[in-house]
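Visitor: Listed below, chain by chain, are the residues.
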Amino acid sequence: MAMSKSTNTYNRQNWEDSDFPILCETCLGDNPYVRMTKDKYGSECKICMRPFTVFRWCPGARMRFKKTEVCQTCAKLKNVCQTCLLDLEFGLPIQVRDNALKVKDNLPRNEVNKEYYVQNLESQIKNSDGTEPLGEVGKAQAPSDLLMKLARTTPYYKRNRPHICSFWVKGECKRGEECPYRHEKPSDPDDPLSDQNIRDRYYGTNDPVADKLLRRASAMPVLTPPEDKSITTLYIGNLGEFIGESDLRDYFYQFGEIRNITIVPKQQCGFVQFTTRSSAELAAEKSFNKLIILGRRLTVRWGKSQARQSSAADGGVALPPVPGLPGALPPPPIPSTSGVNYFNIPISSTLPPPIPFYMPPPPLPSSSYTAASSSTSVLPGAEPPIPGTERPLPVYYPSQDPTRMGAVQIKPAP
Amino acid sequence: MPKVKRSRKPPPEGWELIEPTLEELEQKMREAEAEPHEGKRKVESLWPIFKIHHQKSRYVYDLFYRRKAISRELYDYCVKEGVADANLIAKWKKQGYENLCCLRCIQTRDTNFQTNCICRVPKSKLEEGKVVECIHCGCRGCSG
Numbered sequence: 001m002a003m004s005k006s007t008n009t010y011n012r013q014n015w016e017d018s019d020f021p022i023l024c025e026t027c028l029g030d031n032p033y034v035r036m037t038k039d040k041y042g043s044e045c046k047i048c049m050r051p052f053t054v055f056r057w058c059p060g061a062r063m064r065f066k067k068t069e070v071c072q073t074c075a076k077l078k079n080v081c082q083t084c085l086l087d088l089e090f091g092l093p094i095q096v097r098d099n100a101l102k103v104k105d106n107l108p109r110n111e112v113n114k115e116y117y118v119q120n121l122e123s124q125i126k127n128s129d130g131t132e133p134l135g136e137v138g139k140a141q142a143p144s145d146l147l148m149k150l151a152r153t154t155p156y157y158k159r160n161r162p163h164i165c166s167f168w169v170k171g172e173c174k175r176g177e178e179c180p181y182r183h184e185k186p187s188d189p190d191d192p193l194s195d196q197n198i199r200d201r202y203y204g205t206n207d208p209v210a211d212k213l214l215r216r217a218s219a220m221p222v223l224t225p226p227e228d229k230s231i232t233t234l235y236i237g238n239l240g241e242f243i244g245e246s247d248l249r250d251y252f253y254q255f256g257e258i259r260n261i262t263i264v265p266k267q268q269c270g271f272v273q274f275t276t277r278s279s280a281e282l283a284a285e286k287s288f289n290k291l292i293i294l295g296r297r298l299t300v301r302w303g304k305s306q307a308r309q310s311s312a313a314d315g316g317v318a319l320p321p322v323p324g325l326p327g328a329l330p331p332p333p334i335p336s337t338s339g340v341n342y343f344n345i346p347i348s349s350t351l352p353p354p355i356p357f358y359m360p361p362p363p364l365p366s367s368s369y370t371a372a373s374s375s376t377s378v379l380p381g382a383e384p385p386i387p388g389t390e391r392p393l394p395v396y397y398p399s400q401d402p403t404r405m406g407a408v409q410i411k412p413a414p
Numbered sequence: 001m002p003k004v005k006r007s008r009k010p011p012p013e014g015w016e017l018i019e020p021t022l023e024e025l026e027q028k029m030r031e032a033e034a035e036p037h038e039g040k041r042k043v044e045s046l047w048p049i050f051k052i053h054h055q056k057s058r059y060v061y062d063l064f065y066r067r068k069a070i071s072r073e074l075y076d077y078c079v080k081e082g083v084a085d086a087n088l089i090a091k092w093k094k095q096g097y098e099n100l101c102c103l104r105c106i107q108t109r110d111t112n113f114q115t116n117c118i119c120r121v122p123k124s125k126l127e128e129g130k131v132v133e134c135i136h137c138g139c140r141g142c143s144g
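Line order of the protein sequences matches chains A and B. For the first sequence, the UniProt record's numbering begins at 1 and goes up steadily by one. For the second sequence, the UniProt record's numbering begins at 1 and goes up steadily by one.
Derived by calculation from the structure, the hints in this document are not laboratory data. Every residue gets a Cβ at the ideal spot worked out from N, C-alpha and C, and that includes glycine. Incorrect hints may appear among the rest.
[Said to hold, decoys possible] Some chain B residues well away from chain A (every beta-carbon gap over 12 angstroms; in silico):
(1) Ala34
(2) Lys40
(3) Val131
[Said to hold, decoys possible] Below are the DSBU-like pairs computed for lysine-lysine, each with C-alpha atoms no more than 30 angstroms apart in a straight line:
(4) B/Lys28 to A/Lys158
(5) A/Lys38 to B/Lys68
(6) B/Lys125 to A/Lys170
(7) A/Lys174 to B/Lys93
(8) A/Lys158 to B/Lys51
(9) B/Lys40 to A/Lys170
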């Protein structure tokens with residue numbers, strides 16, 4: 001095969017010459033003014049063995065220098081970072097991503113087949129605009145729940161730290177303080193995680209990290225609804241400073257009518273109270289462990305029961321009792337399918353059907369989501385509540401409570 | 001002293017006063033040259049040479065410019081005989097380069113981003129508690 005650039009032969013293998021690397025946020029590091037060196041045809045791609053342009057940079061203070069390891073064609077084919085081979089959208093290993101998306105890539109491993117395959121891909125890249133991932137990943141469906149649960153939302157810079165000093169491990173490091181490598185105890189060599197290789201990771205076979213993630217996903221806790229059927233409140237934690245009531249309302253209105261949203265800025269948490277139990281259950285199911293708003297992963301738990309909440313007074317604002325009222329009214333009856341339906345009204349008809357899971361986290365592609373939301377038609381009844389009308393009242397009047405006015409609940413006949 | 005034969009001219013006055021010290025440094029240099037490289041890193045092997053070279057030049061520089069203990073003739077003689085490095089001393093006369101370790105450390109053409117060596121970064125500008133050791137000459141900071 002003619003490898004010299006000067007001999008121009010038909011069907012010659014193309015060498016990659018690029019101006020910019022394809023990298024994930026973690027590999028780039030936290031410094032916005034990163035300096036890189038570019039080495040044209042600096043080394044061979046660790047997957048396809050063709051020469052490619054190697055970029056090398058330091059991803060921040062006290063980090064090791066990183067360089068690109070695979071060529072851009074191989075990276076585009078799997079939609080991964082050129083350095084860490086983790087998915088560009090979710091930051092997950094290829095095996096996990098493919099498993100979750102039900103993608104089956106049959107990349108040729110044979111040398112000649114591989115060359116032919118890559119050559120075809122190159123021509124495909126030339127025809128496309130370069131915004132969509134190639135191969136099977138580009139054709140995959142909308143992201144699954146599993147990906148949402150496992151995906152990283154923030155960069156993980158610990159990955160860029162220097163390697164462990166092998167001399168120090170042997171007790172022979174003479175450099176002491178000046179040693180740029182880490183003087184730390186290495187992980188157990190019997191640990192499967194310490195035996196990884198780039199080819200297995202790329203092809204998505206026996207990747208110990210992926211195995212660990214998939215095991216973690218299968219063992220993930222589920223949020224069981226509490227016994228007390230009167231609880232319709234969800235606790236939302238890890239709000240941070242920027243997520244406000246409107247952000248929560250924008251997300252949670254899709255599951256049903258919201259009675260009240262309380263934000264506790266000091267604890268950085270909030271409480272979303274639904275008018276019905278079923279919508280609260282739906283919201284909990286749809287958002288537990290996968291709710292990401294404004295790039296923050298929020299924790300979702302069930303709220304405490306009314307009685308305990310009022311005694312502890314930690315949930316919402318303690319409301320002063322209205323003077324001159326008779327005692328508190330009994331709580332609204334619990335809707336249940338087993339109860340007698342006097343008016344033959346199907347319970348579901350009173351509730352707007354939930355519109356599909358939609359949210360705008362920055363690392364996700366909008367195209368896949370819009371496709372998902374357009375597949376199910378949104379009923380006209382599922383209009384979002386007008387934000388002004390749902391402001392929490394300064395004083396709690398039971399008579400103005402929508403559920404007590406019979407708006408949604410089915411009351412037993414008198 | 002360099003191994004090449006010195007000029008026929010007799011050394012200027014005062015040479016016998018500085019000769020023992022220079023002889024001692026020369027002896028150290030010979031030892032450093034003969035030292036085995038085993039157990040050293042690649043870059044480390046030249047560090048003692050740079051260090052002794054710096055010491056020799058510094059000795060002559062101090063005697064002439066700081067203490068004014070030797071004559072102009074003797075200084076010129078030392079430079080001519082290769083005892084003192086005139087280029088290095090020229091840098092020491094400039095502000096900010098008073099303690100420069102070696103000439104390689106300010107050779108910006110030799111670095112990727114046209115920068116000076118890490119040892120040229122003032123301690124106050126470096127991050128707290130960072131110990132540097134430059135790869136050219138093993139300098140641990142020569143810029144205040």
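Visitor: So, against the hints stated earlier in the document, which numbers end up violated here?
Guide: Hints 2, 3, 4, 5, 6, 7 and 8 not satisfied by this model.
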